[in-house]
Amino acid sequence: MSNTEESFDGHESSDGDEKKAYESILSNPSYFSATMKRMLLKHMVKSLPEAAQKRVKALKNLQLEFLKHECMFFEEVYQLERKYQEKYQAIADKRKSIVNGDYEPTNEESEFKSDVEDEDEDDAMIQERLKSMKSIQQYDANVNGIPDFWLTIFRNSELLNDMIQPHDETLLKHLIDIKIKYDEDLSYTLEFHFQPNDYFTDSVLTKKYFLRCKIDGEEPFEFEGPEIYKCTGCNINWKPGKNITVKTIKKKQKHKARGQVRTISKQVPTDSFFNFFNPPEVPEDENKLDEESQNILATDFEIGHFLRARIIPRAVLFYTGDLVDDDESDDDLEEEEDEMSEEEEEETPEPAQKTGARKIKGPMKGSSGGKQGENPAECQQQ
Numbered sequence: 001m002s003n004t005e006e007s008f009d010g011h012e013s014s015d016g017d018e019k020k021a022y023e024s025i026l027s028n029p030s031y032f033s034a035t036m037k038r039m040l041l042k043h044m045v046k047s048l049p050e051a052a053q054k055r056v057k058a059l060k061n062l063q064l065e066f067l068k069h070e071c072m073f074f075e076e077v078y079q080l081e082r083k084y085q086e087k088y089q090a091i092a093d094k095r096k097s098i099v100n101g102d103y104e105p106t107n108e109e110s111e112f113k114s115d116v117e118d119e120d121e122d123d124a125m126i127q128e129r130l131k132s133m134k135s136i137q138q139y140d141a142n143v144n145g146i147p148d149f150w151l152t153i154f155r156n157s158e159l160l161n162d163m164i165q166p167h168d169e170t171l172l173k174h175l176i177d178i179k180i181k182y183d184e185d186l187s188y189t190l191e192f193h194f195q196p197n198d199y200f201t202d203s204v205l206t207k208k209y210f211l212r213c214k215i216d217g218e219e220p221f222e223f224e225g226p227e228i229y230k231c232t233g234c235n236i237n238w239k240p241g242k243n244i245t246v247k248t249i250k251k252k253q254k255h256k257a258r259g260q261v262r263t264i265s266k267q268v269p270t271d272s273f274f275n276f277f278n279p280p281e282v283p284e285d286e287n288k289l290d291e292e293s294q295n296i297l298a299t300d301f302e303i304g305h306f307l308r309a310r311i312i313p314r315a316v317l318f319y320t321g322d323l324v325d326d327d328e329s330d331d332d333l334e335e336e337e338d339e340m341s342e343e344e345e346e347e348t349p350e351p352a353q354k355t356g357a358r359k360i361k362g363p364m365k366g367s368s369g370g371k372q373g374e375n376p377a378e379c380q381q382q
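Okay, so the sequence shown: first residue is 1 according to the UniProt record's numbering, each after it adds one.
Keep in mind that the hints were calculated from the coordinates and are not lab data. A couple of the hints might just be wrong.
Derived Cβ-Cβ restraints for the label pairs, each shown as a range [said to hold, decoys possible]:
{"no.": "1", "residue 1": "Arg38", "residue 2": "Tyr88", "range": "37 to 45 Å"}
{"no.": "2", "residue 1": "Lys214", "residue 2": "Leu41", "range": "46 to 54 Å"}
{"no.": "3", "residue 1": "Met44", "residue 2": "Lys214", "range": "45 to 53 Å"}
{"no.": "4", "residue 1": "Glu109", "residue 2": "Thr201", "range": "45 to 53 Å"}
Derived EDC-like pairs: lysine to aspartate or glutamate, alpha-carbon spacing no greater than 20 Å straight-line [to be verified]:
{"no.": "5", "residue 1": "Lys214", "residue 2": "Asp183"}
{"no.": "6", "residue 1": "Lys208", "residue 2": "Glu191"}
{"no.": "7", "residue 1": "Lys83", "residue 2": "Asp93"}
{"no.": "8", "residue 1": "Lys239", "residue 2": "Asp183"}
{"no.": "9", "residue 1": "Lys87", "residue 2": "Glu76"}
{"no.": "10", "residue 1": "Lys181", "residue 2": "Glu86"}
{"no.": "11", "residue 1": "Lys208", "residue 2": "Glu81"}
{"no.": "12", "residue 1": "Lys37", "residue 2": "Glu281"}
{"no.": "13", "residue 1": "Lys247", "residue 2": "Asp168"}
{"no.": "14", "residue 1": "Lys173", "residue 2": "Asp102"}
{"no.": "15", "residue 1": "Lys242", "residue 2": "Glu169"}
{"no.": "16", "residue 1": "Lys181", "residue 2": "Glu302"}
{"no.": "17", "residue 1": "Lys181", "residue 2": "Glu76"}
A quick note: this is a predicted structure, and the numbers were derived from the prediction, not measured. Backbone N, C-alpha and C define an ideal beta-carbon position, used for all residues, glycine too.
Can you make the complete structure from the sequences, with help from the hints?
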C-alpha cells in the first residue's frame, strides 16, 4: 500500500503528515466541545503525580476563598449602584423634560460637535439605504420635544425590536420615560411611564427583577457574579376592547342533530411587547418548567439587564446610533461573506461550535435559570 494518497485538492499528502496533524488535534483541547474538553482536562489532572494533584486541590481551595471575596465585592458594587442612581436621576429627569418638550435647552446646552460633520454625506450606499427605509418619518419643523424617542430606541435595538409588533407602535408612542429604582434586597424595578392613552388607564407599568449573589455549594466555580433569578410584572388595566395582548377569533360550530350553525368568538393570546409585563409563572419544581417558558424567561432576564445597564443610562446614544447592540460588527459580516464566496483550499479542524443565548456583560448579569411565582403588582393609576 502506498504511503501517499491524493487529497481532495489534488495534492499528495503523506501518512506521516496526516498522523502529525491528527496528533496535533488531540493535543489541543480547544478543538473539542465543552463537555469533551472538560473530560480530557480532568483526565489530564488525574494523570499527574499524586504530589502535583494535592497542589492542584490546594489551588482550588484558594479559588474558593477568592470567590467569597468576589461575592462580597459584587454586593458592595450593588450598593454603589443604588447610591449613584440617586445622583443619576436628576440628569435623567432633565432628559425626560427635554424629550417631552417641557424644557427647551439653551444654545449653550445644545452645543455639541455633530458626528455628521465628520462623515461623508455623499456616501452613495448610505443615501440609497436611507431612501429605501420606509420607517424614516418626517416631522413638523415646530415639533414639540423629541417625538417617538423611546419607540425609536426600541426599534434601533435588535433585542428590543424583536418584541414589538405593528399593533404595539401606536401605544408605545405614548411612552414618555423609563426609570430604574433599586431596592436594598438586591432587586430593582423598571418603571415605564405613559401619557394618557386610549388603551389602558395606568400611568406607570412596572417590572421587578430579583438578583442573588451567592456561591452554589454543588457548583461553586460556576459563580460569575449576581444573577437574575426571577421577575414579576404587573396587571395592566386595559380599557374595554383595547387589550392588544389578545386577539378575537371567530369559529363556526354545527349542531350534530339539528344541523344549526352558530358562530362563537374566543379570545386567544397574541404576540405583543406588553406581554413583557406578564412573564411565565414557574412551578416550585423548576424541572417541570417547559422549554418554551424557559426560553421566554431567559430572554426576559436578558432584556431586563439590557434595559437597566445599557438602554436607560445611555438612551440618547441608542437613539442616535452611537451605540448599537448588534452581535457582529460590519467587519465580521464582510469577513463572513468573503468566506462564503471563496472555496477553502485546505481542510483544517474546526473548533466546537458554541451555542446558547447571547452573553450578558456587567456585574449584574442575567440568568436563564431560576424561579418566579409571585403575583404581579398592580400598576399605578392616573
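Now the hints, each set against the structure:
| no. | hint | in the structure |
| --- | --- | --- |
| 1 | Arg38 with Tyr88: 37 to 45 Å | 42 Å, holds |
| 2 | Lys214 with Leu41: 46 to 54 Å | 26 Å, violated |
| 3 | Met44 with Lys214: 45 to 53 Å | 31 Å, violated |
| 4 | Glu109 with Thr201: 45 to 53 Å | 36 Å, violated |
| 5 | Lys214 with Asp183 | 18 Å, holds |
| 6 | Lys208 with Glu191 | 9 Å, holds |
| 7 | Lys83 with Asp93 | 17 Å, holds |
| 8 | Lys239 with Asp183 | 31 Å, violated |
| 9 | Lys87 with Glu76 | 17 Å, holds |
| 10 | Lys181 with Glu86 | 9 Å, holds |
| 11 | Lys208 with Glu81 | 16 Å, holds |
| 12 | Lys37 with Glu281 | 36 Å, violated |
| 13 | Lys247 with Asp168 | 13 Å, holds |
| 14 | Lys173 with Asp102 | 17 Å, holds |
| 15 | Lys242 with Glu169 | 14 Å, holds |
| 16 | Lys181 with Glu302 | 18 Å, holds |
| 17 | Lys181 with Glu76 | 17 Å, holds |
Against the hints set out earlier in the document, violations occur for numbers 2, 3, 4, 8, 12.
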